Amino acid sequence: MTTIRLTVNGEAREAQVDPRTTLLHFLREALHLTGTKESCAEGECGACTVWLDGRTVNACLVFAVEADGREVTTIEGLRSGRARPLIEALAALGGVQCGFCVPGIVMSAAKLLETTPNPTREDVLVGLSGNLCRCTGYQKIIEAILTVAHAPAAAPGGDRS
Amino acid sequence: MSLAGLTTRVLARFEYAAPTSLEAALDLLGRHGEAARPLAGGTDLLLQMRRGRMRPAVLVDLKRVPGLAGIENGGGLRIGALASHADLVASPLAAAPARRALAEAARCVSGPQIRNRGTVGGNLCNASPAADLAPPLLALGAAVEVARRGAPVRTLPAERLFAGPGRTVLSPGDLLVGIALPAAAARTGSAYERATRVAIDIALVGVAACVTLAADGTVAEARVALGAVAPTPILAAGAAAALVGRAPEPAALAAAARAAAADARPITAVRASADYRRHMVEVLARRALARAVAAARSPR
Amino acid sequence: MNESGLIGQRVLPQDAREKAGGEIRYLPDMAFPGLLVGKVLRSPHPHALVRRIDASKARRVPGVRAVVTRENTPKVHFGIVLKDELPLAHEKVRYVGDEVAAVAAESEEAALEGLAAIEVEYEPLPAVFDLEAAIAEEAPLVHDNAPRNVPGGVHVERGDVETEMARAYRVVEGRYETPMMHQAALEPICCVADWREGTLSLWGPFQSPFLIRQYLLAAPLGLSLSQIRLYQTMVGGAFGGKLDQRHYLVCALLAMEAGRPVRLLNTLEEELIATRPRMAAIIRLRTGWSREGRLLAKQVRILADNGAYTSLSLPILSSMSMRTDSVYRTPCVSVNADLVYTNTCPSGQMRGFGNVQATFAFESHLDEVADVLGIDPVDLRLANATRPGDVSVHGWKMLSCGLSEAITAAAERIGWTEKRGRARRGGGEGPLRRGVGLAGNMHVTSNKPFATSITGYDFDGSAALVRVHEDGRVTVLTGEVDLGEGVTTTLGIIAAEELGVPLDRVRVANVDTEVAPYGLGTYASRVTFMAGNAVRVAAADARRQLLEVAARVLDAPASELDVKDGVISVKGFPHRRLTVAEAAQRGFALGLTNVVGRGEFHSEPGPMDVKAKYGNQTMTYSFACHAAEVEVDVETGRVRVLKVVAAHDLGRVINRLGAEGQIDGGVTQGIGFALVEELIRTDGVIRNPSFLDYKIPSSLDAPPVVEKVFVETIDPAGPHGAKGLAETAINPTAAAVANAIADAIGVRIRSVPITPEKILGALGTLNGGRA
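Chains as they are written, first to last, in this note's numbering: chain A, 1 to 161; chain B, 1 to 300; chain C, 1 to 771.
Don't take every hint at face value.
[As the list claims (entries may be wrong)] Label-pair restraints from in silico Cβ distances:
{"id": "1", "chain 1": "B", "residue 1": "A251", "chain 2": "A", "residue 2": "T120", "range": "32 to 42 angstroms"}
{"id": "2", "chain 1": "B", "residue 1": "E34", "chain 2": "C", "residue 2": "A31", "range": "49 to 59 angstroms"}
{"id": "3", "chain 1": "A", "residue 1": "M1", "chain 2": "B", "residue 2": "T20", "range": "55 to 65 angstroms"}
{"id": "4", "chain 1": "A", "residue 1": "M1", "chain 2": "C", "residue 2": "F588", "range": "52 to 62 angstroms"}
Simulated from the structure, these hints should not be mistaken for lab results. It should be emphasised that the depicted structure is a prediction, and the values quoted were computed from it without experimental measurement. Every residue, glycine too, gets a C-beta built ideally from N, C-alpha and C.
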């Protein structure tokens, strides 16, 4: 077991971990941050996307020990703040069906909007390309992200909510 | 015993070390020899470990070693082994016409999450025949810098790094610390082309071309490198020979592309057949050469 | 119809925000005290005798709490359709991945050590993989009781096909092939089982809790139904994959052995090698046509790959064999379809249920016919399209049908007249060729013969309870499941509309088999139609009860009352009012009623001759036409889908947002099927059991434009006129893409996925020009 100290969603954490533990399992099982999902466990689907020192990574391909001294941000750290408009838009514009991939998509999209405030459709496609979704065909997810990017002040809404 | 379906999240036990100096990293690698494995981005290593194909006893995390991650211009271009694909994509140095193949290849590597994490050194040291960065590095004449405990850093041409699928010529204790590209001659352009099944995919075929034009517009130097069509990434010597001294006209490029296809030694596997791969070498070599020539002609 | 205006709007699904923010818990996110980790030992052989199993060492591994093998589990044959499965292998294993044993332990590591300590001696047997080889007389048998490896099939003769063929102006033949495609839901198949005090509880994303309970748990375990309680958790995608799995039973066996809750969670590799993907098939078509382009006769011959166990493959084969016969007027048809056992992963249901394969074949074939006859493919389809009121060759009655309108709309919106045949007219820049194609399709909105074949009852229906709480909120209970597509939102809209309460006060609950009314589950595009009708009746019943209370309180006849926005008032006297919450409270205060509305809907499509497979399947059918524009690089064989127009007769749009989303998703899955998705098998071993090599479309592969056109035929039997949509959304896409590719390159590819390699092969580009 190894001791790690890291910041998760702005909060200092210290824990004993087996070096074999992935960051994903550490977050889900030790910290109970289950918003980050596990699907393929091979870095292809992006359901486990988190930010590590401000960059998106697949938490299934990072050992928890590698995050020692680093800053980790998960969906739980963004959902009430910076990612709120994205979450609202994804919900209102039909970007959420089964929803299993969506927290990971929110993490990728929030980073995209931070680094590319005025994204083109192509930027969004590339920004999402590490996140697989089987339900939506991506159309409404793309629309939601572009909507948030280009009308940050206006709250998107359906006819009813 | 074969256990079908048992790709697992439970890995064999290992010791994790995170040295904070190059000396310490080399010392660990030297001491543990074959039992140790450097850990860079881990995007491939973790998969290999999960599939039981690799069982290192010691993982030496390189990410706390200072100075391994930069991309710097100094005559040529020096890329630290720990520079990520995303670093390469973002670097204006890799976007110059002479280096563009490299940025294009880095952009092809998987999605943003993998590009943020995966490293140039890791991409080479995995020695996948399909590694996207290998063809451009070969075509751009890269040399890799190898360090080991108690020895001076040695360099070898990138094309000599690979020994076979998943194998490099590096010995236990060796560490690839950087990649050096020679200064680009004037009127040099490069490009990378690949074939895949879907947008995010391992290359079925990757072709990088680098062309330097003489003042009279003929080809002064050309290098074409191929991925996924031989046990290792290879230089297509025939393609280069077919071009040098010629005007880079469509017929000459097509002849060079045919020569590249002749240099390929593809096999049929799950991802594609040998025939398809060989055909694609020709098509993609022609396209890569044409774009490299256009880049060479473009104003700096 | 007096509607409030809620029907047809864009309504975001309940829980959408909570899902996007990661607040909703799926099964893998849920904690259970004392939970053990289960792992399954699978056969490494495609076909072998199991000589010996010794689990004694495994039981001594520290942390291992239960081991199940053939020695301590029932040898009861079971299966939803054919009883050809055992809980765990006894004499034989039949595919690579077949369940042999399972372990439950305190940790995954201990479970894996336990698996590794189980000694199994196999004696490999000759195996069969190829469909045509498997039906040969001398082929090894996968199951001894199925001669020629054929456990069943579909054999239907309607009319004199050969006579019609003989008088046909042209007869066209084609052989089409489709692969195993995986559902690839992002949430893996998983469940938690717990056995205590004589009750077996399971939690999981079950696609049909009641069918799973009865046929996949109670039957093999010998338990009575009420001893088993299933709690449906939020479903992270299913597409057919979360119904018929042996997974749940194995988990239950472990829990019963361990006396502790056990979780079983597939790895992606397990998903891809052993969880019943879409059935691969070889479909041969022969059709006869009049000079004017009327379909005279059709002959269908199918070999379908059952894999090692039958699962739902027989009804899937029925769908594959017969469904296209009712899309176009088919005067006579001869069907000979065989289901074939092979030593590969059992196939099963995936969105489309055989119709995706059949539609690819038949709609590709139609374009080939159009070429032969020199008729425009749109005209050919319109000339033969089924129309409202038609009774098809199999006795299916078209209560409403907007197929012709859908074809016309799709053709118009894709730019058919300008774009069709461009490449053949010399259009195209460099190596790029563009083409357009389209394909029609129909699907059931429930499947009575299927339901009847499973339950043995002459029944296909749905039931609902609508409970009005004392605070005016409403809970809708049904036995059907939202797989993520948002059908609970649709049901909520129907309930809110009927009751006159705001939608945000209505919640549709996940299924708990102890509480929910019986339901067959989510398949056959049935829930909007069936449960929608049941919910409507239940909500009307609840409304009647509310009005009865209000009538007493407000001292006005119920017929003079109206409910709007959660308020009951006397018509013309808005101040004489009572909220729904107050009415619910007063209901029992006055000793009148505890407001629970009850509704049932029974599908009554008419008599069915089961043996002849003749008779109406469902009360109504949905129709669609997809048109695609593609760009093909003729040097690389790479295809880009530029645009898809999806025109759908779905009866009536209930939730526009949900309907559009279903189509977007179906189209993209259809493109995956058309261009890339295939479980590649060599000697029974799946060679690409990972997302690195089983590729599904990403954002970069989705078409830039998916245009949706709704043809609202307002079905007389549907709730507010609605029919199903789930499967028409995927069925025609691959054929439309295939037809567009043929238009672009002038060569027909008759097997999916249409890979670059197949395109170059067909163009004669590979091998220095040899085709």
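Hints, one by one, checked against the model:
1. A251/B with T120/A: 32 to 42 angstroms: holds, 38 angstroms
2. E34/B with A31/C: 49 to 59 angstroms: violated, 42 angstroms
3. M1/A with T20/B: 55 to 65 angstroms: Since M1/A and T20/B have Cβ atoms about 21 angstroms apart, the given range 55 to 65 angstroms is violated.
4. M1/A with F588/C: 52 to 62 angstroms: holds, 59 angstroms
When held up to the earlier numbered hints, the structure conflicts with 2 and 3 and fits the remainder.
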